[in-house]
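Protein sequences appear in the order of chains V and Z. The first sequence begins at 1 in UniProt numbering and counts up by one. The second sequence begins at 1 in UniProt numbering and counts up by one.
Keep in mind that the hints were calculated from the coordinates and are not lab data. Even glycine gets a Cβ: it sits at the ideal position worked out from N, Cα and C. Watch out, some of these pointers could steer you wrong.
[Unchecked claim] FRET-style restraints, in silico, Cβ to Cβ: (1) Z:Ile43 with V:Lys581: 50 to 60 Å; (2) Z:Gly300 with V:Pro446: 19 to 29 Å; (3) Z:Pro136 with V:Glu73: 26 to 36 Å; (4) V:Ala235 with Z:Pro236: 51 to 61 Å; (5) Z:Asp178 with V:Asn478: 26 to 36 Å; (6) Z:Ile43 with V:Phe515: 50 to 60 Å; (7) Z:Glu61 with V:Glu73: 35 to 45 Å; (8) Z:Gly67 with V:Lys346: 48 to 58 Å.
[Unchecked claim] In silico DSSO-like cross-links for lysine-lysine, where the CA-CA straight-line distance does not exceed 27 Å: (9) Z:Lys313 with V:Lys563; (10) Z:Lys93 with V:Lys562; (11) V:Lys79 with V:Lys442.
[Unchecked claim] One side of the interface only, derived from the structure: several residues of chain Z facing chain V at Cβ under 7 Å: (12) Glu77; (13) Ile154; (14) Leu174; (15) Gly177; (16) Trp179; (17) Asn262; (18) Pro263; (19) Leu264; (20) Arg278; (21) Ile279; (22) Gly280; (23) Leu282.
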Amino acid sequence: MLKKGSKLSLVFILALSGVLTACSNGGQSDNGSSANGANTGNSNRAESTVLDNPANFKFDPPVTIRTANTFAENQNDFKSGESFEDNMHTRWMRETMGIDVQFDFVVPKWEDYKTKIRLLLAGKKRLPDVINTQTDLAIDLINANAVMPLNEHMDKYLSPEMKALYDKYPQAFAPVTRDGKIYGLPEFFAMDEGPVMWVRADWLENLGMKAPTTLDEFSELLRAFTEDDPDRNGANDTVGLAISLIDGPYNWMATGDPIAGMFSDHIPVGYNMQEFWTENENGELEFGTIAPEQKTFLQQMHDWMKAGYIDPEAGIKDPAKAGEMAASGKAGIIFGPYWMAGWPLKDAGGFKAFPIPAGPDGNVGRGEKALVANYKMLNKDFEHPEAYFAYWGKIYATNFGESDPYFDESIAKGWHEGYDYVIHDGQVVGGKYEERGVPEEKWPKPGDPTVGYSVKWPITNTPFVPYLIDASLEKFNNDPNAEINNWTDGQVASQNAEQLDAAMVRISQNEQAVFNLFTGAPTKTMLAKQEMLLKLMKESYLKIIYGDEPIEYFDEFVDQWKKSGGEDIIKEVNEWYASSKK
Amino acid sequence: MNKLDTGAASTSSVPSGKKASRAASYWKRTGMLHVLLLPAVIIALIYGYTPMLGIVIAFQEYEPWLGIRNSPWVGLEHFEYLFNYPDSLQVIKNTLIISGMKIVFQLIVPVLFALLLTEIAKSWFKRAAQTLVYLPHFLSWVILGGIFVDILSIRGGLLNRFLAVLGIDPIFFLANGDWFRIVLVVSDVWKEFGFSTIIFLAAIVSIDPSLYEAAEIDGANRWKQVLHISLPSILPIIIVVGTLSLGRVLDAGFDQVFNLYNPLVYEKGDIIDTFVYRIGLLDAQFSFATAVGLFKSIVGFILIVISYRLAYKLANYRIF
């Protein structure tokens with residue numbers, strides 16, 4: 001009996017030990033963080049660490065920031081032995097600033113990230129200190145009372161330059177403000193993604209044609225690219241336009257909004273209900289997808305599709321696939337951002353950027369990307385918000401220069417020597433290492449002069465300031481060997497001539513950009529009905545373009561869209577718009 | 001005699017003390033075995049049954065920050081919504097059609113293949129063929145999806161080139177709802193039939209060879225042998241496999257559809273699982289998604305009970 005009993009208890013001990021280790025692990029990490037808190041918990045000291053010496057602060061003892069992020073590694077993202085969790089930048093943060101970044105999890109896709117955070121929230125588990133959010137998740141976190149209001153910290157720690165930047169775009173805060181309290185720090189896009197028209201210049205030459213500036217010329221060029229064997233290979237294997245329609249006509253690449261823009265001031269969007277709202281003549285916000293002018297746009301697309309000028313598989317291709325098609329030499333025109341000359345159109349024949357042609361009434365328009373990429377929120381139990389703000393101030397200060405108190409001379413022209421730039425003949429070189437005569441042993445990756453290692457931001461986005469990049473683009477377009485004065489310069493310096501040329505085309509049409517005017521939080525009906533309405537739109541648009549339904553079906557679609565919740569969304573959006581104008 | 005009598009009647013009229021000691025001796029004999037079983041039971045309880053409590057959110061307006069305990073109850077609202085949702089009926093119909101076709105062909109093809117394979121004398125060929133048709137089962141639909149999009153491409157896809165040789169106009173398989181369903185069924189059968197074949201092969205192998213010998217003596221040719229011996233002998237297995245697959249009739253294959261579909265074929269290709277994915281996960285309507293899932297489980301449960309009865313009746317097959 002005794003023997004049996006001891007056997008039994010052995011079983012239990014084995015079974016329990018797993019549980020116990022788990023517990024003690026949990027206990028330890030809790031102890032760890034509270035010990036940290038005790039060491040630096042004296043908030044006055046931490047505060048003065050930053051405020052007394054913003055340019056060269058260092059936390060001693062080091063503070064820990066726990067975060068979670070999305071990251072999918074590509075080739076040549078890191079030097080060998082480095083990773084997203086441990087690289088030059090994270091070491092630099094630890095060594096020069098005393099900030100130790102720890103990752104609760106890193107997942108490749110945004111959807112997975114969102115699900116994980118929601119699960120932590122539902123399970124009442126501890127969230128990361130710094131949480132990356134977009135508006136829908138941000139609302140969940142605010143509702144759950146899981147994040148801290150930032151007003152006080154913003155007042156105390158943001159530099160005057162940063163405050164001025166935020167004052168310039170007050171609408172960016174609307175989705176994350178509740179009762180006057182701001183819960184999220186907006187991170188901006190560079191606002192350099194507006195599409196240009198990429199055309200095979202060599203095909204133009206073969207056919208003796210010019211780049212189109214009007215709808216008629218555009219239409220004629222589509223025909224010629226499809227029917228007149230522009231690549232002179234004797235086979236009927238080309239089409240005019242490569243475009244992605246699987247998620248609607250508005251995409252980050254291979255997009256159709258410049259075509260819609262010829263007929264309408266309203267941009268039809270497929271993937272996100274919060275875009276694209278524009279003002280109509282009554283001063284109300286109107287949803288681009290159901291604007292009456294889309295009918296003309298769809299009619300035109302249908303005519304082209306029927307004539308075979310558009311890639312027949314556009315309806316099942318995502319932007320990357322459509323880009324591949326253009327890159328493979330089977331399509332002559334594609335709309336997309338200026339950087340496409342780097343990918344996917346690099347080495348893809350003679351693609352050259354041209355301005356977007358004008359529609360029948362001289363209308364030119366392109367959909368501009370949202371201003372805000374995402375919001376960073378801080379866990380309400382985060383003990384060192386000052387460390388986050390200090391780091392934030394430091395990396396953004398590189399945009400603002402010496403007047404910013406956080407400005408750190410050592411990262412003024414690039415982040416890490418030997419990674420994203422090298423010093424050659426006393427000059428900062430941020431790319432094209434071979435052309436600039438940098439000896440191979442100094443290249444970030446000896447053997448491949450095209451590789452540079454940009455920073456993979458652990459707890460922030462790339463610190464973009466909207467539109468700042470345009471000045472750098474112009475500078476380097478005028479003089480490829482211009483001096484690098486800040487990190488934006490460094491980034492632009494590595495771009496190829498075709499990209500810079502395309503950027504100039506894009507800048508020349510900045511006036512034509514159409515902006516989304518709804519910057520509030522997603523409304524109640526939006527959250528509940530979004531997928532159904534998007535599906536209805538994608539399906540109806542494609543049916544009309546492919547000719548499965550006549551053009552009159554558009555009215556039926558609009559009716560159905562309004563009945564299925566669209567009407568409520570229009571009302572909610574306009575209520576927000578009215579209140580935001582006050 | 002007396003002694004024997006007590007023993008025989010023990011089940012009905014033993015004094016309770018004796019019953020207890022019997023129970024004690026039972027536990028003494030099997031106690032350790034029960035302890036060995038315990039971890040499995042605990043794991044099943046924790047991972048199999050406890051999560052089922054989450055079903056309650058189908059009757060709530062669940063919000064992650066409120067949790068199950070504090071989310072408001074809404075009764076059957078989500079189920080009403082499901083049946084009033086404009087797409088619901090179409091989606092259920094699609095699921096039944098696609099899944100029904102899959103079940104039928106997933107039964108016919110493996111049986112035929114197994115019968116044909118047993119007729120082949122060369123054992124190396126048999127083994128090689130079996131392995132080859134079995135392989136696609138291990139490929140993921142993410143990869144196959146990309147491959148099929150290329151093969152079925154209207155611009156220079158393998159299949160359309162072949163059709164062009166035969167003088168047939170190119171067909172846009174992935175953009176036409178009817179063709180899309182056929183693509184789903186054919187590709188699913190291609191991927192999985194090798195796996196199902198194994199069961200039928202095993203059944204054929206276990207047929208008593210003397211039956212064939214007797215048939216041969218009676219002058220039956222191969223065809224007659226297949227018709228009158230092989231097929232009837234494996235019929236119970238066919239019925240069992242067929243009826244049991246009925247229970248999965250609402251699973252039309254999420255991975256496959258998700259990797260192949262597009263707005264052009266939503267109308268005929270959207271199934272319950274892809275629908276739930278879009279509504280439930282992308283829109284974070286957890287309660288609604290759970291309600292749909294629960295609906296699916298209930299239908300699946302009813303069908304499993306029915307098919308189990310059928311299997312018992314038709315093939316005298318019992319699991320329990």
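Structure-based check of all given hints:
1. Range check, Z:Ile43 to V:Lys581: Cβ separation about 59 Å, and the 50 to 60 Å hint holds.
2. Here the CB-CB span from Z:Gly300 to V:Pro446 is close to 60 Å, at odds with the stated 19 to 29 Å.
3. Range check, Z:Pro136 to V:Glu73: Cβ separation about 30 Å, and the 26 to 36 Å hint holds.
4. The given range of 51 to 61 Å is respected by V:Ala235 and Z:Pro236, whose C-beta atoms sit roughly 58 Å from each other.
5. For Z:Asp178 and V:Asn478, the hinted distance range of 26 to 36 Å is not satisfied, since their beta carbons lie about 58 Å from each other.
6. The beta-carbon spacing between Z:Ile43 and V:Phe515, approximately 55 Å, falls within the hinted interval of 50 to 60 Å.
7. Take Z:Glu61 and V:Glu73: their Cβ atoms lie about 40 Å apart, and the range 35 to 45 Å holds.
8. Separation of Z:Gly67 from V:Lys346 is about 50 Å and conforms to the stated range, judged on CB atoms against 48 to 58 Å.
9. Between the alpha carbons of Z:Lys313 and V:Lys563 the distance comes to roughly 50 Å, so the proposed pair goes past 27 Å and is violated.
10. For the suggested pair Z:Lys93 and V:Lys562, the alpha carbons sit about 25 Å apart, so the restraint of at most 27 Å is met.
11. Only pairs whose Cα atoms come within 27 Å are accepted, and V:Lys79 paired with V:Lys442 is accepted, the gap being roughly 14 Å.
12. Here the hint on Z:Glu77 is broken, as its CB sits about 12 Å from the closest CB of chain V, past 7 Å.
13. Interface restraint check for Z:Ile154: the shortest CB-CB distance to chain V comes to about 5 Å, inside 7 Å, so the restraint holds.
14. Among the interface hints, the one on Z:Leu174 holds; its C-beta lies about 5 Å from the nearest C-beta in chain V, closer than the 7 Å criterion.
15. Of the supplied interface hints, the one on Z:Gly177 is violated, with its beta-carbon coming no nearer than about 9 Å to a beta-carbon of chain V, more than 7 Å.
16. Hint status for Z:Trp179 relative to chain V: violated, with the closest Cβ pair at about 13 Å, above 7 Å.
17. Taking 7 Å as the C-beta contact cut-off toward chain V, the hint placing Z:Asn262 at the interface holds, the least distance being around 4 Å.
18. Contact between Z:Pro263 and chain V, as hinted, is supported at the beta carbon level, the nearest pair being about 4 Å apart and thus within 7 Å.
19. Because the smallest distance between the Cβ of Z:Leu264 and any Cβ of chain V comes to about 5 Å, under 7 Å, the interface hint for this residue holds.
20. Annotation: Z:Arg278 was flagged as interfacial toward chain V, and the flag holds, the nearest CB pair being 5 Å apart, inside 7 Å.
21. Taking 7 Å as the C-beta cut-off, the interface hint given for Z:Ile279 holds, the closest approach to chain V being about 5 Å.
22. Interface hint status for Z:Gly280: violated, as the beta-carbon distance to the closest one in chain V is roughly 9 Å, over 7 Å.
23. For the restraint placing Z:Leu282 at the interface with chain V, the shortest Cβ-Cβ distance is roughly 6 Å, inside the 7 Å limit, so the hint holds.
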